[in-house]
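S.K.: Here's the letter readout for the chains.
Number of protein chains: 2
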Amino acid sequence: MQKNISEAIRVYRRNKEEYFKDLEEFLQIKTISSDSQYRDEIREGADWIVQQFKSMGASETKILETQKHPVVYGKIPSSKEDALTVLVYGHYDVQPPDPIDLWESPPFIPDTRDGNLYARGASDMKGQFMIALNAIKAIKEIADLPVNFKFLVEGEEEIGSPSIKSFLEINKDLFKSDFVLNLDAGMISKKKPTLVYGLRGLAYFEVEVKGPGQDLHSGLFGGVVFNPIHALCKMIAEMKDENGVIQLPGFYDDVIPLTPEDKEALEKLGMDESFYKSQTNVDKLFGEKGFTPVERVGVRPTLDVNGIYGGYTGEGPKTVIPSIAKAKISMRLVPDQSPENVRNQLERFFEMHAPEQISWKIEMLSSDPACITDPEYFAVRCFSESIEAIWGVEPVHQRGGGSIPIVSYMKKILGLESVLSGFSLPEDNIHSPNEKLDLDVFHKGVETVIHFIYNVSGDCLK
Amino acid sequence: MQKNISEAIRVYRRNKEEYFKDLEEFLQIKTISSDSQYRDEIREGADWIVQQFKSMGASETKILETQKHPVVYGKIPSSKEDALTVLVYGHYDVQPPDPIDLWESPPFIPDTRDGNLYARGASDMKGQFMIALNAIKAIKEIADLPVNFKFLVEGEEEIGSPSIKSFLEINKDLFKSDFVLNLDAGMISKKKPTLVYGLRGLAYFEVEVKGPGQDLHSGLFGGVVFNPIHALCKMIAEMKDENGVIQLPGFYDDVIPLTPEDKEALEKLGMDESFYKSQTNVDKLFGEKGFTPVERVGVRPTLDVNGIYGGYTGEGPKTVIPSIAKAKISMRLVPDQSPENVRNQLERFFEMHAPEQISWKIEMLSSDPACITDPEYFAVRCFSESIEAIWGVEPVHQRGGGSIPIVSYMKKILGLESVLSGFSLPEDNIHSPNEKLDLDVFHKGVETVIHFIYNVSGDCLK
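Each protein sequence line maps, in turn, to chains B and X. With the first letter of the first sequence counted as 1, position 312 gets the number 312 in this note's numbering; the numbers rise by one all the way through. With the first letter of the second sequence counted as 1, position 110 gets the number 110 in this note's numbering; the numbers rise by one all the way through.
Bear in mind the hints are in silico, worked out from the structure with no lab data behind them. Every residue, glycine too, gets a C-beta built ideally from N, C-alpha and C. Please note that a few of the clues may not be correct.
Here chain B is said to cover these stretches of chain X; the calculated rule only asks that three of the stretch's residues, wherever they fall, bring their Cβ under 8 Å from a Cβ of chain B [what the hints assert, rightly or not]:
1) 32–40
2) 89–100
3) 228–235
4) 277–285
5) 352–366
Pairs of lysine to aspartate or glutamate residues, derived as DMTMM-like cross-links and limited to a Cα-Cα distance of at most 20 Å, are as follows [claimed, not checked]:
6) X:Lys361 - B:Asp283
7) B:Lys326 - X:Glu208
8) B:Lys210 - X:Glu208
9) X:Lys412 - X:Glu169
10) B:Lys210 - X:Asp283
11) X:Lys289 - B:Glu356
12) X:Lys277 - B:Glu264
13) B:Lys284 - X:Glu208
14) X:Lys263 - X:Glu288
15) B:Lys210 - X:Asp101
16) B:Lys277 - X:Asp101
17) X:Lys172 - X:Glu60
18) B:Lys30 - X:Glu315
19) X:Lys210 - B:Asp101
20) X:Lys444 - X:Glu169
21) X:Lys284 - B:Glu208
22) X:Lys3 - X:Glu17
23) X:Lys30 - B:Glu315
24) X:Lys284 - B:Glu351
25) X:Lys326 - B:Glu208
26) B:Lys326 - X:Glu273
27) B:Lys361 - X:Glu65
28) B:Lys268 - B:Glu394
29) X:Lys80 - X:Glu18
30) B:Lys326 - X:Glu315
All chains should be modelled from the sequences, with the hints used to inform the complete structure.
M.R.: In structure tokens:
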């Protein structure tokens, strides 16, 4: 077994430049899921994955329609009898590249410089997904696969996976497997490979405030109407108090309090004030009083305004009182908060705080509850061993701040545990301009997965 | 004299369809002054006016450069000795047409329907400017002009006339005249022709709030930084209290209190709550407590957010914490507030109210003080008589809510009083989508100016 691992890693090191071209090709497809004008590119991305699977010797692969963007299914079998089946999860969609003018190289033309590959999706998660494929490619060059692989690659992760729940319910049998390998998480720093055992959920809303029936001239009508931007600002300002405590009625009622063990585990991560200051480039942090930064990011719920717009936003002055102002507001949730409850709390909050002179409405754009996985699950232990073997350090076990809805659905609908890890870095600028992939970490990630594939197929079960 | 007036009005009625074509042509030029990509169209607009002046028998006309957009000068003389010289003021620039998708017909393709002409600038103020030209054209068809005309047509009114002050100082002699005719104001309703004797000033700012050094993922960093949108909302929300009172320190210190006579004059305008509700299409008005709507719009200072933007504003969700958020904020000023003092007050307010975790900066985009004209000035009395002759009612004397910086400069730099009136209506949607010009009112406006030209040249001086 050890011999196979070394041999496959050698093959990978020899072929990695060749494999890398596939990733560069994949990154050029503008698979932006949030904007309907990229529908053709989404389709192109799905087709591209089908071709990859075929070139890797897939016995089955197909594009499955959903209500929005398609899911790519694939199967690459082992000839070994009784081999485990690993379901590799991935998403081929990416965040919009805005604001585009802050990119140093075009977001959809991959550019390698200083040991990093820059492109939208380089890290989240086309690069992470290719780590799994590269590991499989390397092993297949020398021998039969020790496990069967199935793949579920969705196109809606960046918009909160609206179709995936009903899709999984309908296609349950197709994805029958032993467990899920999901590399859509990340490392807490370049020297600290990470296994995630908990994830925050998400409730994402668009709020529209309407004031006058039409845009007005501020000289002729300034002084008689409630400006909807002002109303929206007031409603947003009052959502948090000066201690960063969220003011939605009942917001914290379902939050499971931190245990001393939780606190200790989080402290061990070594993600202190100075870590977050350097990652975010601020002089002063801000968040819920009474909790450390890593607690606030990982295990406490938060609320952010992700976008706001209203009135004139072009160059120079325009003396308008707009009719409408809008904001995108989202909450990161922790167990046992439910997105539906949060929706009700937001509505109650606006009923209490919106000025009576304006009208408002909210739309929920995305929702999924938080989840916690089992760190003692055998495949998780195997991945942990593989990390130690390749990186020379024990992995950090983390409860993460982001949301990956698929993890809870895999458990609830398919009954599958997830190995949740990944090799992106906090400084990789995911969802921001100049997203990148650290190539040293990437290659080491592939070697980790090669090790894991052999490890989980037998050794660590004993 | 009376004969000449009737004759010229008859000529106008016969030729008005012909004259109208010029306005339609003028409205097709996209003279948007706030956006530098329309520089060529601005130039085209200036050239077009030069051609108009030439076709009207101008003895002089030229395009005069400023630091930004050019001013068009013209002179159409009377052969009468000792004739008065009237300086007609106009601006050929228009507001941006955004939001474009709310227009029922394209903003730069004039469309006449139901007795209105729809186009950006139809009312503000290409249409108003053409009222003066049409009156002159009609008179010239039957006889010599009873007064000399000079013209000053600027291209920066909609951006606060940044060049006009220094321009007038340099070109003082060229514009030597007896008084100014400025039709850039409006009527308070279709049956109430209006003369304006006071105008509010303007101080217009852009505020930029900076939080983290780059856009962040709200899952990975939500809970550790002060979101700049939230900070900006808080800063804006606190600018007014629940009674609509502006909270900038010292903001009301220089405001001249209303006299009982002011209050009475304003009440006479008949612009009550229901008037403003129907004009703005709201159920409930809002403004500074203790003042009536017409007082708040006309003679009290106000503050409005004219635009706000930050983060993701596209379709669907994007879980970003932006690095930067911006707002456009402007104050309408009354005597004796100064824009520079207001700038200092805004800075002091932000020093007190901005969260310490973010940084902010402000830029002043436009500024001009309020002004009050003399209602007993002879040319104002003449215009009042002409209104009564044509409309059958006395004009309303109003202190207006909008700002026309040129009026105060005409007085201070050239020593000229202004006759400030106009024939646009509150429902003409100036600065909004579907700007229009009421054609009945427009033609009656031309007849009023024909009457005024004869009236001011002799009769009413007696």
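S.K.: Against each hint, give a clear statement of whether it holds in the structure.
M.R.: Okay, the hints, checked on the actual structure:
1. Beta-carbon proximity to chain B at under 8 Å applies to 4 residues in the stretch 32–40 of chain X; the threshold of 3 is reached and the given coverage holds.
2. Given as covered by chain B, the stretch 89–100 of chain X passes the check, having 4 residues with a CB less than 8 Å from a CB of that chain where 3 are the minimum.
3. Counting residues of the stretch 228–235 of chain X whose beta-carbon sits less than 8 Å from any beta-carbon of chain B gives 5, enough to reach three: the coverage restraint holds.
4. As drawn, the stretch 277–285 of chain X meets chain B at 7 residues by the rule of a beta-carbon pair under 8 Å; at three or more, the given contact holds.
5. Check result for the stretch 352–366 of chain X against chain B: holds, 5 residues qualifying (beta carbon to beta carbon below 8 Å, three or more required).
6. The straight-line distance between the Cα atoms of X:Lys361 and B:Asp283 is roughly 17 Å, inside the 20 Å bound, and the hint therefore holds.
7. The suggested pairing of B:Lys326 with X:Glu208 holds, with an alpha-carbon distance near 19 Å, which does not exceed 20 Å.
8. Restraint check for B:Lys210 and X:Glu208: not satisfied, since their Cα atoms lie roughly 24 Å apart, outside the 20 Å limit.
9. At roughly 10 Å between alpha-carbon atoms, X:Lys412 and X:Glu169 fall within 20 Å of each other, so this suggested pair holds.
10. Proposed proximity of B:Lys210 and X:Asp283 is supported: the alpha carbons are some 12 Å apart, at most 20 Å.
11. Distance restraint check for X:Lys289 and B:Glu356: the Cα-Cα separation of roughly 15 Å lies within the 20 Å cut-off, and the hinted pair is therefore satisfied.
12. Between X:Lys277 and B:Glu264, the direct Cα distance comes to roughly 60 Å. Violation of the 20 Å bound is thereby established for this hinted pair.
13. Our distance criterion of 20 Å between C-alpha atoms is met by B:Lys284 and X:Glu208, whose separation comes to about 18 Å.
14. Between X:Lys263 and X:Glu288 the alpha-carbon distance is near 15 Å, which keeps this suggested pair within the 20 Å criterion.
15. Straight-line distance between C-alpha atoms of B:Lys210 and X:Asp101 comes to about 17 Å, which keeps the hinted pair within the 20 Å bound.
16. About 43 Å separates the Cα atoms of B:Lys277 and X:Asp101, which puts this hinted pair outside 20 Å; it is violated.
17. For the suggested pair X:Lys172 and X:Glu60, the alpha carbons sit about 16 Å apart, so the restraint of at most 20 Å is met.
18. Only pairs whose Cα atoms come within 20 Å are accepted, and B:Lys30 paired with X:Glu315 is accepted, the gap being roughly 16 Å.
19. Only pairs whose Cα atoms come within 20 Å are accepted, and X:Lys210 paired with B:Asp101 is accepted, the gap being roughly 17 Å.
20. Restraint check for X:Lys444 and X:Glu169: not satisfied, since their Cα atoms lie roughly 35 Å apart, outside the 20 Å limit.
21. Taking the CA atoms of X:Lys284 and B:Glu208, the gap is about 18 Å. The hint holds against a cut of 20 Å.
22. Our distance criterion of 20 Å between C-alpha atoms is broken by X:Lys3 and X:Glu17, whose separation comes to about 23 Å.
23. At most 20 Å may separate the alpha-carbon atoms for a hinted pair to count; X:Lys30 and B:Glu315 meet this at roughly 16 Å.
24. In summary, the hint linking X:Lys284 to B:Glu351 is supported, as the alpha carbons are separated by about 17 Å, within the 20 Å threshold.
25. Of the supplied pair hints, the one linking X:Lys326 and B:Glu208 holds, its CA atoms being roughly 19 Å apart against a limit of 20 Å.
26. Distance hint between B:Lys326 and X:Glu273 is unfulfilled; the C-alpha atoms sit about 28 Å from each other, more than 20 Å.
27. Distance restraint check for B:Lys361 and X:Glu65: the Cα-Cα separation of roughly 49 Å exceeds the 20 Å cut-off, and the hinted pair is therefore not satisfied.
28. At roughly 12 Å between alpha-carbon atoms, B:Lys268 and B:Glu394 fall within 20 Å of each other, so this suggested pair holds.
29. At roughly 28 Å between alpha-carbon atoms, X:Lys80 and X:Glu18 are farther apart than 20 Å, so this suggested pair is violated.
30. The suggested pairing of B:Lys326 with X:Glu315 holds, with an alpha-carbon distance near 12 Å, which does not exceed 20 Å.
In this structure, the earlier hints numbered 8, 12, 16, 20, 22, 26, 27 and 29 are contradicted, and the remaining ones agree with it.
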